[in-house]
Amino acid sequence: MSLTDLTLSAMRTGLAAREFSACELTQAHLDAMAANRHLNAFTVETPELALAQAGAADVALASGSAGSLAGIPLGIKDLFCTKGVETTAASRILEGFVPQYESTVSGKLLAAGAVMLGKLNLDEFAMGSSNETSAAGRVISPWKAIGSDAELVPGGSSGGSASAVSARLAAGATGTDTGGSIRQPAAFVGITGIKPTYGRCSRWGVVAFASSLDQAGPMARTVEDCAHMLTAMCGHDPKDTTSLDLPVPDFAALLNADLRGKKIGIPKEYRLDGLDPTIAKLWDDGLAWLRAAGAEPVEVSLPHTKYALPAYYIIAPAEASSNLARYDGVRFGQRVMPEGGSLADMYEATRAAGFGKEVKRRIMIGTYVLSAGFYDAYFTQAQKVRTLIARDFEAAFEVCDLLLTPTAPSAAFAFGAKVDPLDMYLNDVFTVPSSLAGLPAMSVPVGLSADGLPLGLQIIGRPLDEQGVLGAGLALERAAGFTAKPEKRA
Amino acid sequence: MSWIVKGETGDWEIVVGLEVHAQVTAESKLFSGAATGFGAEPNTQVSLVDAAMPGMLPVLNAECVRQAVRTGLALGAEINRVSVFDRKNYFYADLPQGYQISQLYHPIVGEGALDITLSDGTTKSIGIERIHLEQDAGKSVHDLHPARSFVDLNRSGCALMEIVSRPDIRSPEEAGAYVAALRQLLRYVGSCDGNMDEGSMRADVNVSVRRAGAPFGTRTETKNVNSVRFIMAAVEVEAKRQVALIEGGGTVVQETRLFDPGTGTTRSMRSKEDAHDYRYFPDPDLLPVELTEDYIDACRATLPELPVAKRRRYVEALGLTDYLADVLTAEKANAAWFEALSASLATRSGKPEADMAKTAANWIASELFGALKRLGKDIDTAPVTPDAAAELLALVADGTISNTVAKTVFEAMLETGEGAAAIVDAKGLRQVSDTGAIDDAIAGVLDANADKVAQYRGGKEALFGFFVGQTMKAMGGKANPALINERLKALLAG
Numbered sequence: 001m002s003l004t005d006l007t008l009s010a011m012r013t014g015l016a017a018r019e020f021s022a023c024e025l026t027q028a029h030l031d032a033m034a035a036n037r038h039l040n041a042f043t044v045e046t047p048e049l050a051l052a053q054a055g056a057a058d059v060a061l062a063s064g065s066a067g068s069l070a071g072i073p074l075g076i077k078d079l080f081c082t083k084g085v086e087t088t089a090a091s092r093i094l095e096g097f098v099p100q101y102e103s104t105v106s107g108k109l110l111a112a113g114a115v116m117l118g119k120l121n122l123d124e125f126a127m128g129s130s131n132e133t134s135a136a137g138r139v140i141s142p143w144k145a146i147g148s149d150a151e152l153v154p155g156g157s158s159g160g161s162a163s164a165v166s167a168r169l170a171a172g173a174t175g176t177d178t179g180g181s182i183r184q185p186a187a188f189v190g191i192t193g194i195k196p197t198y199g200r201c202s203r204w205g206v207v208a209f210a211s212s213l214d215q216a217g218p219m220a221r222t223v224e225d226c227a228h229m230l231t232a233m234c235g236h237d238p239k240d241t242t243s244l245d246l247p248v249p250d251f252a253a254l255l256n257a258d259l260r261g262k263k264i265g266i267p268k269e270y271r272l273d274g275l276d277p278t279i280a281k282l283w284d285d286g287l288a289w290l291r292a293a294g295a296e297p298v299e300v301s302l303p304h305t306k307y308a309l310p311a312y313y314i315i316a317p318a319e320a321s322s323n324l325a326r327y328d329g330v331r332f333g334q335r336v337m338p339e340g341g342s343l344a345d346m347y348e349a350t351r352a353a354g355f356g357k358e359v360k361r362r363i364m365i366g367t368y369v370l371s372a373g374f375y376d377a378y379f380t381q382a383q384k385v386r387t388l389i390a391r392d393f394e395a396a397f398e399v400c401d402l403l404l405t406p407t408a409p410s411a412a413f414a415f416g417a418k419v420d421p422l423d424m425y426l427n428d429v430f431t432v433p434s435s436l437a438g439l440p441a442m443s444v445p446v447g448l449s450a451d452g453l454p455l456g457l458q459i460i461g462r463p464l465d466e467q468g469v470l471g472a473g474l475a476l477e478r479a480a481g482f483t484a485k486p487e488k489r490a
Numbered sequence: 001m002s003w004i005v006k007g008e009t010g011d012w013e014i015v016v017g018l019e020v021h022a023q024v025t026a027e028s029k030l031f032s033g034a035a036t037g038f039g040a041e042p043n044t045q046v047s048l049v050d051a052a053m054p055g056m057l058p059v060l061n062a063e064c065v066r067q068a069v070r071t072g073l074a075l076g077a078e079i080n081r082v083s084v085f086d087r088k089n090y091f092y093a094d095l096p097q098g099y100q101i102s103q104l105y106h107p108i109v110g111e112g113a114l115d116i117t118l119s120d121g122t123t124k125s126i127g128i129e130r131i132h133l134e135q136d137a138g139k140s141v142h143d144l145h146p147a148r149s150f151v152d153l154n155r156s157g158c159a160l161m162e163i164v165s166r167p168d169i170r171s172p173e174e175a176g177a178y179v180a181a182l183r184q185l186l187r188y189v190g191s192c193d194g195n196m197d198e199g200s201m202r203a204d205v206n207v208s209v210r211r212a213g214a215p216f217g218t219r220t221e222t223k224n225v226n227s228v229r230f231i232m233a234a235v236e237v238e239a240k241r242q243v244a245l246i247e248g249g250g251t252v253v254q255e256t257r258l259f260d261p262g263t264g265t266t267r268s269m270r271s272k273e274d275a276h277d278y279r280y281f282p283d284p285d286l287l288p289v290e291l292t293e294d295y296i297d298a299c300r301a302t303l304p305e306l307p308v309a310k311r312r313r314y315v316e317a318l319g320l321t322d323y324l325a326d327v328l329t330a331e332k333a334n335a336a337w338f339e340a341l342s343a344s345l346a347t348r349s350g351k352p353e354a355d356m357a358k359t360a361a362n363w364i365a366s367e368l369f370g371a372l373k374r375l376g377k378d379i380d381t382a383p384v385t386p387d388a389a390a391e392l393l394a395l396v397a398d399g400t401i402s403n404t405v406a407k408t409v410f411e412a413m414l415e416t417g418e419g420a421a422a423i424v425d426a427k428g429l430r431q432v433s434d435t436g437a438i439d440d441a442i443a444g445v446l447d448a449n450a451d452k453v454a455q456y457r458g459g460k461e462a463l464f465g466f467f468v469g470q471t472m473k474a475m476g477g478k479a480n481p482a483l484i485n486e487r488l489k490a491l492l493a494g
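First to last, the sequence lines map onto chains A and B.
No gaps in the numbering here: position 278 of the first sequence is 278 in full-length UniProt numbering, and each next residue is one more.
No gaps in the numbering here: position 446 of the second sequence is 446 in full-length UniProt numbering, and each next residue is one more.
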């Protein structure tokens with residue numbers, strides 16, 4: 001078994017026992033990255049930086065002063081600002097932007113001793129579900145369907161993170177999730193990813209998409225791996241007013257798959273007409289596995305579910321249209337100044353050249369729904385729906401402790417398969433409601449489609465119950481015994 | 001009394017509302033830790049947040065909230081227990097975020113009022129509609145280069161209170177009085193330094209005209225007028241422009257205008273058709289501001305005695321004239337100086353403060369202010385302290401020196417910085433209150449002017465002043481004038 005095949009948890013053990021060095025581990029990953037550049041998972045590789053950090057980790061490991069993630073090679077989604085390393089959010093408009101500051105979350109991981117291998121590709125400004133909108137080019141999933149050579153999407157927006165972790169190019173990666181951007185790609189590539197409660201992770205230094213929804217989280221190959229990363233990533237940050245000032249448990253140490261006394265809710269509205277029968281069956285299997293771990297199933301109702309997607313595709317673009325106003329060519333990133341042009345000409349040329357099609361579409365939608373005369377009909381209504389959806393979950397959590405649902409309505413699809421934006425948006429149907437409610441939710445790989453592609457189930461918990469979500473995730477992981485791996489390209 | 005524009009077709013009443021932008025006195029900006037000092041080198045007081053770098057987030061400055069609440073309390077206004085920050089979206093080079101964080105829907109302060117006093121002595125209450133907190137923009141500089149504009153972000157993100165009046169103002173004078181009273185109040189509260197020439201206070205002036213009793217006319221908004229005089233001028237010229245326009249067959253259009261102090265006119269900046277759609281929505285980066293009763297009480301406890309109350313106390317309890325009360329309460333620093341002087345003078349003279357207040361007030365209004373004006377200083381940089389002045393006035397009060405000599409001593413204090421008693425001693429200015437010496441001097445005067453004594457005794461009493469003057473002269477000006485009067489009367493009667 002090569003070093004890159006180890007889980008993050010096994011790497012911790014091996015490093016602590018000095019079975020291999022952090023430098024060896026990092027080099028193994030750098031080699032894997034070099035051999036898999038066709039996946040286009042990384043926007044920037046930082047091998048020198050990684051080896052220097054690994055060297056420091058080895059010193060710390062030898063002296064007994066190592067942090068919880070000392071020597072663990074991670075990829076950082078290119079939405080996190082990284083000091084001295086170009087950060088573009090996969091947008092031309094931020095081409096050449098090198099932050100003078102480190103995002104709180106990536107800074108916490110580095111402080112825990114993690115090694116940064118590079119920056120991971122994503123949908124431009126995290127807007128997309130297939131990683132086809134990146135200015136750095138599409139990310140390719142390491143998976144292929146049985147009997148097909150068609151390249152598949154890794155999901156989005158954290159597609160680079162998903163592809164890299166699945167292809168063993170990184171032990172784990174940071175993702176961000178606005179409407180499913182951690183969970184859906186995790187499901188598409190057969191890995192695990194958790195979006196914690198809104199406010200658990202600081203948003204400071206993360207390029208904003210939709211501020212009231214954006215939340216960072218870990219993506220890794222096991223539940224325990226995610227738990228280790230999550231503990232390091234969470235915590236109050238005085239620089240982010242919306243971050244929660246609460247103690248952070250040691251999620252990994254407290255992992256517990258014993259679900260006796262827990263009630264698992266199955267939201268009936270998630271049983272969509274025409275749901276893929278393989279997914280429907282895995283969902284049933286998942287419930288059976290959780291029951292075997294001691295949980296009691298209950299059917300619950302989330303009556304406003306069908307309004308979640310429309311509300312999300314009003315609120316998220318509205319916030320985005322404002323958040324992206326700062327990309328104006330005045331202070332950083334790309335500027336296009338037409339000869340003899342005015343300030344307005346510069347804005348138009350810069351933003352026309354700098355933003356891709358999907359980003360422009362969302363800016364237009366967001367601008368429209370906030371405009372005078374439309375605000376009440378769209379934005380205010382969407383905010384009301386959001387409140388109703390949060391109340392749905394509150395009511396459900398009066399009769400159950402956790403919810404079990406599919407993560408996505410399908411397995412990974414081929415590039416260009418979803419041309420209509422609405423088709424693409426439907427991919428988020430199971431992940432968006434919990435995002436609107438700010439709840440912790442994770443995806444765990446549980447099986448393969450008829451085509452041999454990974455499928456995931458989603459566990460949603462009460463606010464701040466990451467521990468409960470991780471526990472149920474662990475129970476699913478153990479019962480499902482998902483061991484499938486993408487084909488090796490190297 | 002209403003102010004009227006006399007048009008060719010009759011009289012027009014004007015309706016004015018003011019939106020005053022007051023920069024909050026705080027060490028750092030509304031949502032960042034950057035400094036706020038005036039006059040720094042361009043772009044030296046800019047944090048990553050102020051420059052709207054990717055991933056930066058605003059964190060509300062508690063001091064700005066406190067100052068807004070204190071200001072609201074000073075205006076007797078409703079303090080909203082929950083207020084919310086909204087984004088006002090528009091593009092400009094000196095607005096790095098592409099939006100200004102403001103409070104449209106739920107401002108921190110609701111309705112209040114401000115009393116103003118007019119030149120004819122009448123008072124009027126001007127309604128305050130609301131106060132909200134918002135960020136200032138940066139500054140664009142267009143005149144340094146023929147083809148380029150420059151941006152200075154030092155001011156970007158500084159906290160402003162926008163204080164919105166009701167359309168209760170009916171004349172240029174009222175507009176001026178309102179801004180002056182507001183400025184005075186803010187300076188008392190300490191929430192804004194009121195330095196209009198540094199841009200710490202500026203007003204958007206809303207003006208419309210109508211026939212008496214008719215509904216409101218269409219208003220124009222003249223932006224960013226930065227002195228009391230210009231505000232009054234902007235109200236007047238805009239009202240007259242509107243009347244002339246209407247009487248000439250035109251209609252007033254709702255638009256944004258600019259006041260040009262050079263020409264004393266207003267000109268159109270943009271019409272309603274060009275108005276921005278600001279797409280306000282609640283800022284998702286910030287939580288609602290929730291204030292507790294305890295917090296508001298604590299803010300109230302830090303308010304000083306406010307100008308109206310202070311002025312009333314000076315007149316009613318201390319017996320000052322309206323004029324002196326106005327002068328001394330105009331600035332908080334004047335009042336503080338006066339109160340320190342009164343207290344010190346009462347202690348030094350052993351007389352009740354109420355008795356000493358008038359002396360202190362008169363002396364400040366005549367002697368101190370005169371000296372400061374000559375020296376080009378203000379009360380904060382006065383070369384004498386209230387206690388040093390009290391030492392001087394105590395010497396007058398106990399008869400050691402006369403008022404005339406006190407002027408000389410004060411001059412010497414200003415020049416040398418020495419104490420009043422030391423100067424009096426060094427220069428031998430102590431007033432003679434020894435009746436024997438005065439009697440001797442009077443005897444000499446009477447001997448030398450026997451003819452006039454005879455005329456006086458014969459009924460020409462107007463000569464009394466002559467004898468006083470001669471006696472004072474004989475004593476080198478140092479005699480106690482009251483004693484000279486008393487002894488002269490006795491000896492002339494003799």
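Hints are supplied without guarantee of correctness; some may be wrong.
[To be verified] Sample of chain B residues facing chain A (criterion: CB under 8 Å; computed from the structure):
#	residue
1	Ala52
2	Met53
3	Pro54
4	Gly98
5	Tyr99
6	Asp285
7	Leu287
[Unchecked claim] Across the chosen pairs, the derived CB separations fall in these ranges:
#	chain 1	residue 1	chain 2	residue 2	range
8	B	Glu290	A	Ala352	34 to 44 Å
9	B	Ser149	A	Ala352	20 to 30 Å
10	B	Glu63	A	Asp245	15 to 25 Å
It is worth saying that the hints were derived from the structure and are not from the lab.
Where a beta carbon is used, it is the ideal one built from N, C-alpha and C, also for glycine.
Against the structure, the hints:
no.: 1; hint: Ala52; in the structure: holds, 4 Å
no.: 2; hint: Met53; in the structure: holds, 7 Å
no.: 3; hint: Pro54; in the structure: holds, 5 Å
no.: 4; hint: Gly98; in the structure: holds, 2 Å
no.: 5; hint: Tyr99; in the structure: holds, 5 Å
no.: 6; hint: Asp285; in the structure: holds, 5 Å
no.: 7; hint: Leu287; in the structure: holds, 6 Å
no.: 8; hint: Glu290/B x Ala352/A: 34 to 44 Å; in the structure: holds, 42 Å
no.: 9; hint: Ser149/B x Ala352/A: 20 to 30 Å; in the structure: holds, 21 Å
no.: 10; hint: Glu63/B x Asp245/A: 15 to 25 Å; in the structure: holds, 20 Å
Checked against the numbered hints given earlier, the structure satisfies every one of them.
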